[in-house]
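Colleague: Protein sequence lines correspond, in order, to chains A and B.
The numbering of the first sequence is the numbering used here, which starts it at 134 and goes up by one.
The numbering of the second sequence is the numbering used here, which starts it at 1412 and goes up by one.
These are computed hints drawn from the structure, not numbers from a lab.
Note that beta-carbon positions come from the ideal geometry of N, C-alpha and C, so glycine has one too.
Take every hint as true, because none was put in to throw you off.
Facing chain A, from chain B, some residues (calculated, C-beta under 7 Å): (1) D1439; (2) N1442; (3) P1443; (4) F1453; (5) S1563; (6) F1591; (7) N1593; (8) Y1600; (9) E1634; (10) S1635; (11) G1642; (12) N1728.
A partial selection of chain B residues facing chain A, derived with a Cβ cut-off under 10 Å: (13) W1531; (14) Q1566; (15) D1589; (16) K1605.
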Amino acid sequence: MDSSETRLPTVTQREQWMVESQVFQMYELLSSVPRNAQSVLLELQRDKHIEFLTNGLKQLGPSFCVLDANRPWLCYWILHSIALLGDSVDDELENNTIDFLSRCQDPNGGYGGGPGQMPHLATTYAAINALITLGGHRSLSSINRGKVYTFLQRMKDPSGAFRMHDAGEMDVRACYTAISVASVLNILDDELVKGVGNFILSCQTYEGGISGEPGSEAHGGYTFCGLATMVLIGEVNRLDLTSLIDWVVFRQGVEGGFQGRTNKLVDGCYSFWQGGVFALIQKLHSIIEEQLRLLDAGGSAIDSPQIASTSCHSGQRGLHDTSGSAKFSNIGFNFLEEPAEMEPLFHSIALQQYIILCSQLQEGGFRDKPGKHRDYYHTCYCLSGLSVAQYSYSKDADSPPLPRAVFGPYSNLLEPIHPLYNVIMDLYHEAHEFFSTS
Amino acid sequence: MEWKEEGEKRPLSQRPEWSDVTPVPQDDGPNPVVPIAYKDDFTETMDYFRAVYFADERSLRSLHVTAEAIHMNAGNYTVWHFRRLILEALNADLHEELNFIKKVANGNPKNYQIWHHRRWVAEKLGSDATSKELDFTKKILSLDAKNYHAWSHRQWVLQELGGWEDELAYCKQLLEDDIFNNSAWNQRYFVITKSPFLGGLEAMRESEVNYTVGAIIAKPENESPWRYLRGLYKDDAQSWVNDPQVSSVCLTVLSAKRNTVFALSTLLDLLCHGFQPSQDFINAVDALKTPDLDQSDSNLATAVCSVLGHMDPMRVNYWAWRKNKLPAQTA
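Same shape as in the complex, but just chain B:
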């Protein structure tokens, strides 16, 4: 914790610049519940915060006390809100503020208030902040590649301030590091659908299908690329059903007889959307049946549900429900 810029860490009551201020105690009442045994320095800091907050004093010393309060409890949204009012009133250097936030975020990367504050500052700085924000989120994501707040902030930056150029490459890198990183897959979807430098979902579809199929073949037990593949055909189920690469990757995985749950689930969805299976599919599913299953399921979709019910017992009720709800004309 840096104290140089805020003066010595003497109790506030002993600092000359605060001598004219009467601290305001918390109005907890005589018999509060969930009372917290605050340490003395916490109580004092918050008493002085309350004094300037209730007086609406938007000064430099108020700014300093908000920093101290934030260091003690980064979740106090009232303190952050008042800090913003002060920054505006003082017309403060917001680039400095980015540094302040960075320090607080180091200890609290999953805190809503910090990220909301960061967004507010970045919005005020506009495109001046773009590369700093992309660097900042990248740094946070290098420590935790799935930090939800970091990803939301990064998406906001791209949409409001730009910087799309390297984003697809960034996703690719993250997926090379960890092909199971669903946040990276989600970001990839965001980029291909929204980047002004790419052609949009339909234009990107073919190359994305190739990429995704490769990821599936490498790790068929990875749920992310299967969902991503389906997502590439959002709102266009017929094209999804008709894409030979989609059915083909199912067949490849089924034939290998390992980690087949998602392949079977995808095949089931295809069948429900009218996919006409070749004999190869029927044989592949047959090969996965265990002796106790009904061998006479004439309907492939029913057979797939049966196999799944057996192979994926956690979802036995779901597969039974799916079997029960099969459309009339599935193969």
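Bound-form chain A, shown alone:
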């Protein structure tokens, strides 16, 4: 009963075939050009990217007025990308950034999209991650943690979720930005955590992924946010991880890159949102084992009282022994100690190939897909995803990846990130040290 020839292609099919043909053209180009041209295509154009990024930090054109409420994001996207490339900005730019972000800080706590704007969770997350990426005493001490806490408290909704700003929208993104910031600043406590797990659980859909709000479609961005948040609050065992994994593995398409939702198009930014999910999954193997074992025993993986109240995850052991804020303070830190027992469940080389051959622009910067323009957001998340993929075969933080784990020349290797926060690992450690003792 084959009716596929009798019907016209649908919108989904047409769009997918267009993208596939453009992508395969790029892959064919690689095999058709001479060797020396090939090696150029396989190489990460570091200098060009740094130039593109640094220029953006110094000056943006008039068309950027549509991002006038997102300037801390621009700082983070640019600084994090530069750091991933193993570079840094000069002292002057560093100081100017710290000063600028201080002007985005609201006297009552949190950071807005620009000087004089209301504080917003997303721009707070971006500003703090940017300051952590700069590192150093001046940068980290510019953050008024007490006020940030007040702001987070104010954004907390009785339902357990968080609002993005005063009377703003409530979704899984807001939960992640709030919890991530609280965790990295070491101000996460029971009050902030209360009810978050319930809200995120209600956002895991029948497909296995996580949506922005209960009932909406499973989506890569929200899946990363939801999963990372559950890890940070010590409740990741409450999610149905096997169905989450089954959903996310099928988000990698023939192009090698990831789509955000079922039957949608590949996009370079999902290299991180979906790719990052795998980095988290790799460290959760003992919880996943436990869920599988319960399924095997004929029960539901997540209904068992054992699994609901305890956790085999060593980073989360003893979670119920301490009270108040102490119990959350080292989750992010201990998470890194957990060895990656599993092989990566996605195709790391295929992803890297998509990023380098289809998203990278020779003139600097990265884009969603061929035919789209480069931008700082895609540059950040393509590079973040590339790093995740390159390190996906590394068992622990201390061993550098083997050459075969890296697509193209080994010099393509980026700096490793902390997958819960998406900041450079070393810079995370510096911040962790700073906020543990201050």
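Go by the hints and put chain B onto chain A.
Modeller: Here is chain B on its own, set in the frame of chain A:
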């Protein structure tokens, strides 16, 4: 851009109604980073916005300047927030506001702030707004049938304001237009589980299984109905395993030997949940094996993993992991 209702498009500094206001420049500091080369009209509009915002002046002229600021940058959530405060203070006609939002949304259908504002207005109008909101989202979805914000808003409207009557039919129409539209499948799930006019998931299950099986047979390479089928048995794996239609659709697709990845994946899941395969299944999987595969996999689940590892190379590591984690007693 309509200017009639906001007066002539003269610079604000030249408009008499603004003559008493001192514009407030942006406090970027002496050496800002990521500085934007604002055009003059942008700078002026925002300077006047800041003046009334910091003074907390909730007046008609403030309302007008928020509209101008929004047209220039629909992402400025501070401006939208202040606009809401003004609308409340002026007790403004919120039906008019819906029209304003519609115009802004035309150029910016994927903007969080617009949709949040729309939700706020609709909440205030209550059920008066129901049909307008369903029409509005339908219009947006006719241009982009997967707009995430539009679908979230539509779900919110249904839950808070109602209007469920025609929703299942709407999903059906969208799926006829494009059976691959996963957002429409997701909405269908939302409707059958939550609509007060239908009986709930279990009551709808049989008819939904029939519908879904039909969609699978038409396009077995379509992931959406396979996930939907699994979703119909959420929290009741045993009923899923025991439903003959589920295993039967797998067998049908496997036997046709085309686009079998999801059929194999579903069979694997069934086996992991205790499904006892008949000889037909074993034969169907055998027929898909390539010569280089181990022909002696006595265990069907193992064989399925092997076939998938070969047929679906992007997920080779996943299928190897699944093979490794098979429960002890799978067939």
